[in-house]
Structure formats: structure tokens, C-alpha cells
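The listed protein sequences correspond, in order, to chains A and B.
Counting from 88, one number per residue, gives the positions in the first sequence under this note's numbering.
Counting from 742, one number per residue, gives the positions in the second sequence under this note's numbering.
It is worth saying that the hints were derived from the structure and are not from the lab.
Be a bit skeptical, because a hint or two may be false.
[To be verified] Once the Cα atoms are required to be at most 20 Å apart in a straight line, the calculated SDA-like pairs of lysine to any residue come out as:
1) K973/B / H221/A
2) K98/A / Y145/A
3) K98/A / A860/B
4) K973/B / A926/B
5) K960/B / S922/B
6) K960/B / K973/B
7) K976/B / A860/B
8) K257/A / V122/A
9) K98/A / K976/B
[Stated by the list, open to error] Some chain B residues close to chain A (C-beta under 10 Å, calculated; not the full set):
10) T754
11) L757
12) S800
13) R856
14) P857
15) D870
16) S872
17) M875
A virtual CB, placed ideally from N, CA and C, is assigned to each residue, including glycine.
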Amino acid sequence: MASARHYAFEKMVYIGAVLLFLAGLVQSVVLPEVVPISARPQFVVLLVVAVCLAESLYEAIIWAFIGGLMLDLMSGPAFPLGSNALILVLVALLASLGQADPFHNLLLVPLVTAFGATVFYHVLLMGLSFTLGHQPAFLDNLVRVALPSAILNAILIPVAYSAMLWLSEKMGRRVRVEW
Amino acid sequence: MKQKDRSLSWTRTVYLLVALVLVSLALVLLSQGRQLGPVEGAASVVFTPVQQFVHDATSGVGGWIDSVRRAHDLEEENKQLRTALDAVTAENATNQEYKRENEQLRAMLKFQTDRPEIAAVLANNIGGDASGQMEIMTIDRGVADGIRDGMAVISPGGILMGTVLSTKKDRSTVLLITDHSSSVAVASQRTQSPGTLKGMWQEGGRLSVQHIPRDADMKEGDLLLTTGTGGKIPKGLIAGSVSAVHQNDVQSEKDAEALPLVELNTLENVLVITSGGEK
């Protein structure tokens, strides 16, 4: 029983690595090319939030670390390796608030969690950017980048969350469906 | 029993969280100290070709979307180009791709013939900023190719696109001139009136020219050339064109709006000026 659960967990991690690789590729190569404005969804953040809500903080931390490394390796050297990994692990921690029992069954929770986690991601990135000596446009980035991408992620989270629940069931990780 | 399981699971999660935060921090510090060159180099061998492939595959889509976005601004120009566009759309996708690449390389050759004192490295655009917070471009050349921070990056035709923000062994980040932290000394080609070209992308614009002396003669349509003062940007590179000039009675200086002359994000190839920028 324990080994079946472990096998399912491993499978989820491998599938996660592939999904995060694709999300990172879209995020760092396709979207900057195809979407000329700054309001873009943050697919890696979206996946981390979805796995956090559908699975657990433990899985979300692993996905966050892998997704962060993917983003770091695919982005240019503007940020050191590990930056996105660090930020996304903290984002996963924040997203785990959405798992709190009193809120767990509310329809609104995934939306609010995705919104908050995306804004938090951008704020941490700006903080890191400032620490590294860049000059982030704090207010403009918040208004023109963070908020629109948080709204887009909130719109997309039902799809990502449902997909993650489906995947989780397929992997035998859960039987409960409550979306 | 269930309570004990939950407690164990929570402890396990906390350990993992602390461990991965510490590993991430260690990676950040080592990467900042340029200690992870071999690891990043090995990863880049895997990631760069994939990114290059995906970038090439999506560049046509990006160009199309960009045309739609700018359709309003370019309405007049589009009318004149309609005939040419009809002919172009009749060509198949592969031919268009070859044609574009050929034009870029020819422009590059012409630029290098016109400015023989400038040595440049050809690089491929392999991506942008994943977060969307900065106007940056990732290129597939780095320290190993002689690229250093601050070097000027131009289009194959010789138009200034930005400067190298940071570089690793085999890839670099280019800060485009439209990013708000970009600042380049320029002067009007027509009157030599000086100004500072600042990026306005985060503010919702493209470029602005600031610190223009109040009595300077600068007007719409003027080409802006780099002055070569400070940094590693050579003198005489075209950086943009003035689209509007603003002045009021109170200010001691005036400012202007400007537009870049190439679509900065969609170029496939760029040149990094590695020497000759001091002149």
C-alpha cells in the first residue's frame, strides 16, 4: 500500500516536471514573442497553486522548486540560478493557506489563492530584482504586470485546478472531488 | 494514530520546505559568485536548442500579433504597403522565413561594411522575460564569445536595441532601450540637440527623450543618434525617431516622445558590439 502510494507520488513528480518544463518554455519563449503586452498569465505559478490546492503543500514545494529551476535555466542571466526556485517555494507556502480547513470547500478560494499567489510572486521578484541592483518600476509593475497577470491566473485557476484534481485521481492520489 | 500521521507529514513538509529554501539560497549565492558556470553551461546545452526551436516556430505568430496590435498606428503605412503585403502573403511560409533571415544577414553585412571599426558578434534571440516585468531579451552568446556587461546590442541593420545587462558563459540578457531602467545619451541627427533616451515600457509607452535644453531645436520625425558618451555604446548609432515634442512655459527643459525603429522583441538575430564602441 505504502509502495503504491510512493509510486503514485513519483509519477506525479515526473508528470509535474514535464508540465513545468512546458509551462516554463511557454512563459520564457512563447509569451514574450506572442503577447506584446506585459499582462500575461504566469503558468508556472498557476501549476504550483493548483497542485497545492489539489494535493498538498509537500507536493507543491517540490513542483515549485522544479518549476523555479526550469524558469531560471530558461531565462537569461538577469537573475541568478535559484531565484525563481526560492520565490516559488515561498509562493507555495502562501498558497497553502488556501488549503486551510475552514475555506477548503469554498468556490472562491482557488481564485483568491491564485490571485494572491501571483501578486506575491511578482512582489518577491521585484524585491529580489532591487536587491540585485536592478531598478524595478515598483508601482508600474504592480499595476501593469502583477495585477493583470493575477487576474488572468485567477481566471485560469478553475481549469488548472480541475485538471490537477483529474490528474490526481488518475494517479490514484485522491478520490474526493469537490469543485 | 491519524493525528500522529498528520504530525509526521507536517514535520516532513517543514523539513522539505527549509531544505529547499536553503538549497535555493545556496544556488543564488553560488550563481551570483559565478561558481555554477559548468552546471549552467550543461543545462544550457539542453535548453538553448529547445528554446531556439520554439522561438523560431512562434516568431511568425508573434509578428502577426504585433502587426494587429500596431494596426491603428500603422494604418497609413499599411495602405501604402497593401499591394506589397498581398504579394508577400502569396509566398509560402518557408520562403518568407528564408527571405527574412536573408534580409537580416544582408543588412548586417552592409552595417559591418559601413562601420569597419566596429567588431560584433552575431547572436540569436532565444526568449524574453518570463515574469513580464522587464523588457529584456535572452541571447545565445555569452562571456565565451567575448560579450561583457554594458556592451551595445544592435539590430542587423545597425539600429540600437539595448545593452547587455548580465552575461554568463554562453548566454546573456539584453536590456532593451524601451525598459524603464535603460538610459542612453542621444542627439538629434538634424540639429545635434542633446537629450537622454529613456525607456517607457513599464509606464505604458515606448521611449521618451528627456533633458532636452529648452531652446534646442527638436521636432517630430528627427532621428536620434547615440552620442557615444559614457558606457560602451558607439557614437552614431540610430536609436529611434521623435514622434512628439512637449514643452511648457514653466519647465527649463523640454521632453519628447520617441519610437524605436525596429520591433525589438521579434528580431531573430542581433549583433553585440564587442569592440569599437569606445570611439
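We went through each hint and held it up to the structure:
1. K973/B / H221/A: Holds: K973/B and H221/A sit about 19 Å apart, inside 20 Å.
2. K98/A / Y145/A: Holds: K98/A and Y145/A sit about 15 Å apart, inside 20 Å.
3. K98/A / A860/B: violated (51 Å)
4. K973/B / A926/B: holds (11 Å)
5. K960/B / S922/B: Between K960/B and S922/B the Cα gap is close to 25 Å, so the pair fails against 20 Å, i.e. violated.
6. K960/B / K973/B: At roughly 28 Å apart (the allowed maximum being 20 Å), K973/B and K960/B break the hint.
7. K976/B / A860/B: Measuring from Cα to Cα gives roughly 14 Å; hence the hint holds.
8. K257/A / V122/A: violated (34 Å)
9. K98/A / K976/B: The given pair, whose Cα atoms are some 57 Å apart, is violated under the 20 Å limit.
10. T754: Given a least distance of 5 Å, the restraint on T754/B holds.
11. L757: holds (5 Å)
12. S800: holds (6 Å)
13. R856: At 26 Å from the nearest chain A Cβ, R856/B fails the 10 Å test, so the hint is violated.
14. P857: Where the cut-off is 10 Å and the nearest Cβ of chain A is about 30 Å from P857/B, the hint is violated.
15. D870: holds (6 Å)
16. S872: Cβ of S872/B sits 5 Å from chain A, so the hint holds.
17. M875: Where the cut-off is 10 Å and the nearest Cβ of chain A is about 7 Å from M875/B, the hint holds.
Going down the numbered hints, you'll see the structure goes against 3, 5, 6, 8, 9, 13, 14, while the others check out.
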